[in-house]
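Colleague: Starting from the two chains in their separate frames, assemble the complex, guided by the hints.
Chains A and B, in that order, are what the protein sequence lines are.
In terms of this note's numbering, the first sequence has 227 at position 227, counting the first letter as 1, and numbering is strictly consecutive.
Counting the second sequence from 1 gives a position; this note's numbering is that position plus 296.
Keep in mind that the hints were calculated from the coordinates and are not lab data.
All values reported here derive from a predicted model rather than from experimental measurement.
Every residue, glycine too, gets a C-beta built ideally from N, C-alpha and C.
There's no promise every hint is true.
Partner residues aside, some chain A positions facing chain B, computed with beta carbon under 8 Å [what the hints assert, rightly or not]:
{"no.": "1", "residue": "Phe-44"}
{"no.": "2", "residue": "Tyr-114"}
{"no.": "3", "residue": "Gln-117"}
{"no.": "4", "residue": "Val-118"}
{"no.": "5", "residue": "Ser-120"}
{"no.": "6", "residue": "Glu-156"}
{"no.": "7", "residue": "Ile-187"}
{"no.": "8", "residue": "Phe-246"}
{"no.": "9", "residue": "Tyr-256"}
{"no.": "10", "residue": "Glu-261"}
Derived lysine to aspartate or glutamate pairs resembling EDC-like cross-links, with alpha carbons at most 20 Å apart [what the hints assert, rightly or not]:
{"no.": "11", "chain 1": "B", "residue 1": "Lys-737", "chain 2": "A", "residue 2": "Asp-66"}
{"no.": "12", "chain 1": "B", "residue 1": "Lys-478", "chain 2": "B", "residue 2": "Glu-491"}
{"no.": "13", "chain 1": "B", "residue 1": "Lys-375", "chain 2": "B", "residue 2": "Glu-735"}
{"no.": "14", "chain 1": "B", "residue 1": "Lys-740", "chain 2": "A", "residue 2": "Asp-66"}
{"no.": "15", "chain 1": "A", "residue 1": "Lys-71", "chain 2": "B", "residue 2": "Glu-652"}
{"no.": "16", "chain 1": "A", "residue 1": "Lys-71", "chain 2": "B", "residue 2": "Asp-733"}
{"no.": "17", "chain 1": "B", "residue 1": "Lys-601", "chain 2": "B", "residue 2": "Glu-735"}
{"no.": "18", "chain 1": "A", "residue 1": "Lys-71", "chain 2": "B", "residue 2": "Glu-735"}
{"no.": "19", "chain 1": "B", "residue 1": "Lys-369", "chain 2": "B", "residue 2": "Glu-351"}
{"no.": "20", "chain 1": "B", "residue 1": "Lys-389", "chain 2": "B", "residue 2": "Glu-357"}
{"no.": "21", "chain 1": "B", "residue 1": "Lys-740", "chain 2": "A", "residue 2": "Asp-198"}
{"no.": "22", "chain 1": "B", "residue 1": "Lys-389", "chain 2": "A", "residue 2": "Glu-261"}
For reference, the chains in residue letters:
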Amino acid sequence: MTGQDSTLKRIIKSRWAYFFVAPAMIHFLVFSVYPILSTVYLSFVRFNLQGNTWVGAQNYQVALSDSIFWKSLANTALYTMVVVPVGVGIALFLSSLIFPLKPSRQNFFKGAFYLPQVVSAVVISMIWLWMFDSAHGLLNYLLSTLHLAPISWLGESRTALPSLMFMAVAGGGGSAIILYLAAMGGIPDSLYEAAQIDGANRWIEFWKITLPLLKPTTLYLVVMGTIGSFQVFTSIYMMTRGGPNFATNTIVYRIYQTAFEFLKLGRASAMALILALIIIGISAIQFKWLGTEVEY
Amino acid sequence: MGDAGKMNTTHRRLILLLLALLCALTSGCRRDQDAGKVRIKFWTFPLWTGITGNEKDGTTEDWPRLKIKEFEKTHPNIKIDLEVVTWQGGMQKLDLSALSGTYPDICYLATANLPKYASQGILEPIDADMTPEEVADIYPNVLDCCKYQGKTYVWPWLCNALVLAINVDLFKERHIEYLIPKPPERGWTYDQFTEACKALTFDRGDGHGKVYGYALYGIPLSVEYQMLTLVLGFGGQVYNKEGTQFTLNSPESIRGFQFLMDLLDKYKVVPPGPAGMQGGQVGQMFANQEVAIESSTSGVLKQLKMSAAKGDFPYFNAAIVQPPHLPGYKPASMLSVGGYAIFKQTDARKRRAAIEFARFLTNEENCRALTVIGQFPARKSVGNIYPGDVDMGVVSRLIPISRVYFTAGAAELNPVINNIYQSIFTHAMTPAEALADAEKKANKILAQDALEKGLDAKGGKQ
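Pulled out of the complex, with its shape left as it was, chain B reads as follows (with noise of 0.2 Å):
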């Protein structure tokens, strides 16, 4: 080896020796730095892109992440490591995770999974974590969503009640923009909303196929409350209040569903074989302008004007309504809610530091970011943060009459609350029938849950 390649050598040796020390270094200086530091694993879902959603670059981190920075900073002691999973897996990783025991510390949670995780044992309740003034600035009902068997599992954030968008263009191309709703509230009786989807059911005879003023629909991705809301304005109740007896099976749930069978046979007002259709397909018909009505979210407004940006289809004007009620009842609405969850604790300061990031992410300041996907405040303190907006206004004078959904056993229910749209929908059974199908399988549901509770009661484990 001749005396250059000595010098290669011993060149590479030091590089070696400097990386070698560096790394060590900076290793070292991490440790030090989150040396004594309480470390939270937080997961939550991608809610949206950037800081303020209109960042051309923006990633679905950037929020979470700024909001770990403001955090840490005031809590210098606490460490948050972030994870943003996807709405497609998020849900299995969280089982899986769930299941192996390496769930985060704490996590997004719509409170429709509740019941799934709380019933296992792997949430922390955090009633005694909330102060009275907190409790008493959540609205009752939101609150209520955030309880399994009596105790509190999620920190609410968000929530939202379950509306009608209506295509305000077709509604004026079949000159019938008199049976739009009014503001503010927007409501229509059922014999209004019957009318209108009759109107607006039609051939333009341009070989683009019909418009229909509704959509039904039998296969959701999980248990199908949208159209529920057309169902319950007739005065049903899914549940008994203890949420120990399926209760769905009365004259006033037949009347409901019965009305849905009607949009479907008596006025053909829906695209018919519902049973098949999945809920994607609909939302998909409303943005093609195939349907004039949609069962959806007041977040459906800003998803089209995204997708009409994108040139995904063609943009029309479109309004948020109450769903329909009978002359001098209040319309009926689901709530849906959005909170952090705090998972099962052995370490008391890590305990702490979830439950101090959950209250930071549920502030007023963060509450105020809702704007950015069209969702409403957990918090009354909060007040309107859609001043002067019609649409908003809509849900957010809904969301203190909306009613709570889901119960204990809710995952295992899903099935047979959904099986009654596919057996009237199918004509297999009459709406009667199939509450009264419905009420057998799920009261037996609902007994095997008691039962299997029962047994967790007594102990015995292994």
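Same shape as in the complex, but just chain A (with noise of 0.2 Å):
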């Protein structure tokens, strides 16, 4: 009685602090909290919007015995395995190239390369779309003018995911080096000072200082741009709807299709919390890797 007294003092104390906290709270209740337990139950039923049947454990075996499903989550995989280690080290690289420049010089390249990610991602594949065009793109306007034959960017199994994980690697950098060149910042000069008197060379400082203090901002864009590629759903809506023969069919654009074209949501919840547990068993294994303490 006197314990829940105090807990009631305290909340009476402190209602200030939940009121503010209360805008917050709700609208993560409703808008995620929610939605992830329905989407848990409705992963159990059978959907209708007349009322739902209850299918235990159907909807997971329907998902996981669905070719078309096990294809797009291949296709995810690669294309997180390509993009995001690409598109990090890229990020690395660039970061190291411009740090070392004056401030006004870095705003600029700051500028240039995060300009791609204020623009909506339709509208970049939408030109993507353009340049990669068999009969009109700028990619075989280049192509024809080495006197090389035109490619089917598109078009072809083979060439179709690597197009569009180009694409990705291409314009996606650019939060990335905004991320390295802060962090790059606050490596204290002093340990740059240190090996320098010990004889160490700029390979040797990258190597030995830079990039081992750069470790939880690596850590952070290979997770955050891990859950960003298994969910690469706008590009592949707009460019290829998953083909040609489901070669860029991935596992987000495979829940939209079952959930909106198709209707089936409680299989779709399936596979959505199938996707949620390899993306956090996935992350789990990158903290596991990349997690350790940095201390300046």
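Modeller: Set out below in structure tokens:
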């Protein structure tokens, strides 16, 4: 009784704190917790607007026996394995080139590389669609100037997914560069000065000081990049619709198709939860490998 | 505060009081005016602008609003709330409204989307509402498009058959006018079609690229059935009559898909890399006169004229012809049908009102209005609404013999059917292999569909 009273008193005492936290909490409960719980429920029913039927694990069984789902999963994994390391690597390389520049030049490059991030993904997809066009596209025009045969970039199974990966890498490094530059700015100069006294060259400095101290930023970029890549959708929807021959069908596109084109919300929920488990698993591994404490 | 200030405050209060009174009165009037009326929510798509399609400042709401006005005049106890949804987002909006249970009472629906909603049990079957005369007046194949599992869910208004549009000017430029199919049917054989495609594939050498006879594409917006007319002319069927089995894997269909591959590989009369091309790109290439023959509907002529008038591209003479056929056989064409679907109702009065409105929207006068968009009435009694028009005559002759394409589980089968094109266009599979693969996948989906329907039938609803 006394304990309850003291809890109540504490709540009353901190009422304004609760009052100010309430909107965020309500938003979190309504727009995050409730949909997640609904997804879990839906994954165990056959969805029908006239009433749902409990089917146990059938949606998981159907999803896992769907060859297109597996193909989508494999495509997504390949996309992530290429786009994330290559994207982070390029961002790190470019940041290393930009960082030694004067602040005004740094700002120019920061702005230039960040610019694609503020453009709508739909617009970017439309621009790349034109660049990849086999008849009138910019890429094939460049090939023709070298007397090379045109390539059906999005029309061949072997080139479609790599084309989308190239597009993601080419336009997606802006925010990574900003973060890397900010992190590089936080590394104390004294560490480099000490290394120089010990006779370290630029490469050793980068390898032994910069790279290890950028580990938290790299972890963040890898985890966020992996989550983002596993959720790739806009470019697929706008440019290939998963084709040709399911070569660019990704898991989120398959979930979208299942939920909103086929109205199989139960199965789509099961797929979404499988995806969530995969992302949680991969993130856990990434935290284990890259998540060491860094002290300057 | 001085006298002037007091006067201002009094005036302000008086004005506010009057405004509040006015609001109360008007809202009260509205309530009184609509009290006791049956209110129905009507959604439609932007079918055309203005009343006749020729008004300069016309909007997509003009025609539906006029119809609502006419209907409300003869049905004073019914009030209709209109919403014109966009083509781009309208279907998503309908999906979301269906999922959230806030769907309209009556909505324009292309029957291609019928299985999706009917399978969810949110549409009203209307068989009992149609009189035998009304049923007999609708083309049987058009009515079949409006059915799902034997029940009619869409009150048909318009229909169209898939045809080919040809660039007549390019035929003249290549001196092959003799290959333009002759009216009134404008039919031609596969050999004549191929001969024309070969002659129409050329390079002017002016640096503007090549012109191709025809175009294939592998990225459709929904299911690709326009190219299917070329395939099915060899005699194949997509499903069995009951819609329970995928039957496209047949020697006839293999021959049909091989014909598409011959256009690509043997005759080289289509742009390369079709698997990466979208349906819309082909339409644009036809408008740019980079492709001479396009699978389309009759509406394409009107669209070309309107776009050319706006200055989008130079005008050229185009004509409608039948899809090619085997000698001695009829061509294969697919029906596209649109009409009005009534969503699930709990109030009998609202249901009756929605039915009456659907009946009104599909009456003879409103069927005649379809000339604005180059569509055809679903009702036989309306007769020829394009007298003397050879192009439209080609389509109207095809409508009674065109096929019903869609069936149960259609939406989920779309990617499977589209993948046949993509597999063969990328040379990943031969037509026979692609059809065998599609058969396996499609029948698995149909079996799962049957299983789920069995579950529903058993009840066990929560």
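Colleague: For this structure, which hints from the list above don't hold up?
Modeller: 1, 2, 3, 4, 5, 7, 9, 13, 15, 17, 19, 21
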